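K.L.:
Under my numbering, the residues of the sequence shown are numbered 315 to 648, in order.
Read the hints as simulated data drawn from the structure, not as lab findings. All values reported here derive from a predicted model rather than from experimental measurement. Please note: incorrect hints may appear among the correct ones.
Here are the simulated DSS-like pairs of lysine-lysine, each with C-alpha atoms no more than 30 Å apart in a straight line [as the list claims (entries may be wrong)]: (1) Lys385 with Lys458; (2) Lys367 with Lys385; (3) Lys536 with Lys599; (4) Lys599 with Lys458; (5) Lys536 with Lys367.
Quick list of the computed label-pair ranges, beta carbon to beta carbon [stated by the list, open to error]: (6) Asn414 with Glu570: 18 to 26 Å; (7) Glu379 with Lys599: 47 to 55 Å; (8) Thr351 with Glu570: 47 to 55 Å.
Cβ atoms here follow ideal geometry from the backbone N, Cα and C, with glycine treated the same way.
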Amino acid sequence: MLVTEFSTEVVEPPERFALWAESVGRLHDMRTHLRSTDQHDFRARIRGFDLGKVQVSFMSHPHLEITRTAKQVRQSDPEMFQVNYVLGSEGTVSLGGSDNWLRGGDLTLTDTSRPYQADIHAEAGRWSHVTVLCHRQFLPLPEKQLRQLLAVPIRGRSGMGGLLTRWLTDLSTHADEFTPADTATLAQVTLDLMSSVIAQHLDAESSLSPEARQNTLALQVKAFVEQHLADPAMTPRTIADAHHISLRSLQQLLAEDGTSPAAWIRHRRLERCRRDLANPVLGAKPVQAVAERWGFGNPAHFSRLFRATYGISPRDYRNLPHDTCANGQLPCAH
Numbered sequence: 315m316l317v318t319e320f321s322t323e324v325v326e327p328p329e330r331f332a333l334w335a336e337s338v339g340r341l342h343d344m345r346t347h348l349r350s351t352d353q354h355d356f357r358a359r360i361r362g363f364d365l366g367k368v369q370v371s372f373m374s375h376p377h378l379e380i381t382r383t384a385k386q387v388r389q390s391d392p393e394m395f396q397v398n399y400v401l402g403s404e405g406t407v408s409l410g411g412s413d414n415w416l417r418g419g420d421l422t423l424t425d426t427s428r429p430y431q432a433d434i435h436a437e438a439g440r441w442s443h444v445t446v447l448c449h450r451q452f453l454p455l456p457e458k459q460l461r462q463l464l465a466v467p468i469r470g471r472s473g474m475g476g477l478l479t480r481w482l483t484d485l486s487t488h489a490d491e492f493t494p495a496d497t498a499t500l501a502q503v504t505l506d507l508m509s510s511v512i513a514q515h516l517d518a519e520s521s522l523s524p525e526a527r528q529n530t531l532a533l534q535v536k537a538f539v540e541q542h543l544a545d546p547a548m549t550p551r552t553i554a555d556a557h558h559i560s561l562r563s564l565q566q567l568l569a570e571d572g573t574s575p576a577a578w579i580r581h582r583r584l585e586r587c588r589r590d591l592a593n594p595v596l597g598a599k600p601v602q603a604v605a606e607r608w609g610f611g612n613p614a615h616f617s618r619l620f621r622a623t624y625g626i627s628p629r630d631y632r633n634l635p636h637d638t639c640a641n642g643q644l645p646c647a648h
């Protein structure tokens, strides 16, 4: 996966705002007017991911006004949809005579073919927002319905919105673990989640392809498992019931990933235990307590599973040098 890092601090303060304007225009392939109360020393940075069908950019900047006029649309239009996830910032976005206030945790959709204006007030030193760009053809929803949602705030801290925003955060956190061979999969997951968030907000889930609905459901199931790993009562049946599907459907869903519901739960619990055992802050916590924290009530059973998975006992694993897994000296879970 191609990761691009950029900071305006590579040039002197008077040149920083011009460098930002030029770089963002090139990155997003469209013209805008930019203005800031911090133009005298515009400290900003970008961490971008090129996924082919999708471009994802984490941005950090101070106050910024963005205006895209009708003339600029006529001059240059990449015909893309843009989803912004607000992080350490707040502000307004205006489109078609409607002003909408955005706060941290909100998602909003804009269209490069429509003039708009945004006024963003961000916190210094934090990511202010995440921008996701994709061509219209890759967002399989009726354009007439999508226009109803332009610039409207969408909740991004729970439900499907929360699933999308957690995915974007994980994408940045684990970017160095991915290879170019993962790009197509990462792009498709991002598109499926975006489509599902928007479709749910429009009550248009029926417009999604069966593949998109299936991929989104699989991500919802895995997110549910992560949230309930500490509950020893979680079973494949409770997962199926929570998602209003049959146990057989759940089994078929995870079979596409070469696993079963019970095996996936076990794998994720073991991985949480492994991470806790490798954490020096938790060094005084008994191994049995770590196992119980993640749903393993039988110490002997946990020890056997751990050894079978990682080739070493939990206690011996805890005592390994910190860099053993990083150096590939032991087969560790991902």
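K.L.:
If a hint holds in the structure, say so; if it does not, say that too.
P.N.:
Going through the hints against the structure:
Pair hint Lys385 plus Lys458 holds up; C-alpha atoms about 23 Å apart against a cutoff of 30 Å. Under the criterion of a C-alpha separation no larger than 30 Å, the hint pairing Lys367 with Lys385 is consistent with the structure, at around 27 Å. Taking the CA atoms of Lys536 and Lys599, the gap is about 28 Å. The hint holds against a cut of 30 Å. Between the alpha carbons of Lys599 and Lys458 the distance comes to roughly 57 Å, so the proposed pair goes past 30 Å and is violated.
With a C-alpha separation of about 24 Å, the suggested pair Lys536 and Lys367 falls inside the 30 Å cut-off, and the hint holds. Our hint of 18 to 26 Å for Asn414 and Glu570 is violated, since their Cβ atoms are close to 39 Å apart. Between Glu379 and Lys599 the C-beta distance comes to about 51 Å, which sits within the given range of 47 to 55 Å. Between Thr351 and Glu570 the beta carbon distance is about 51 Å. The supplied range of 47 to 55 Å therefore holds.
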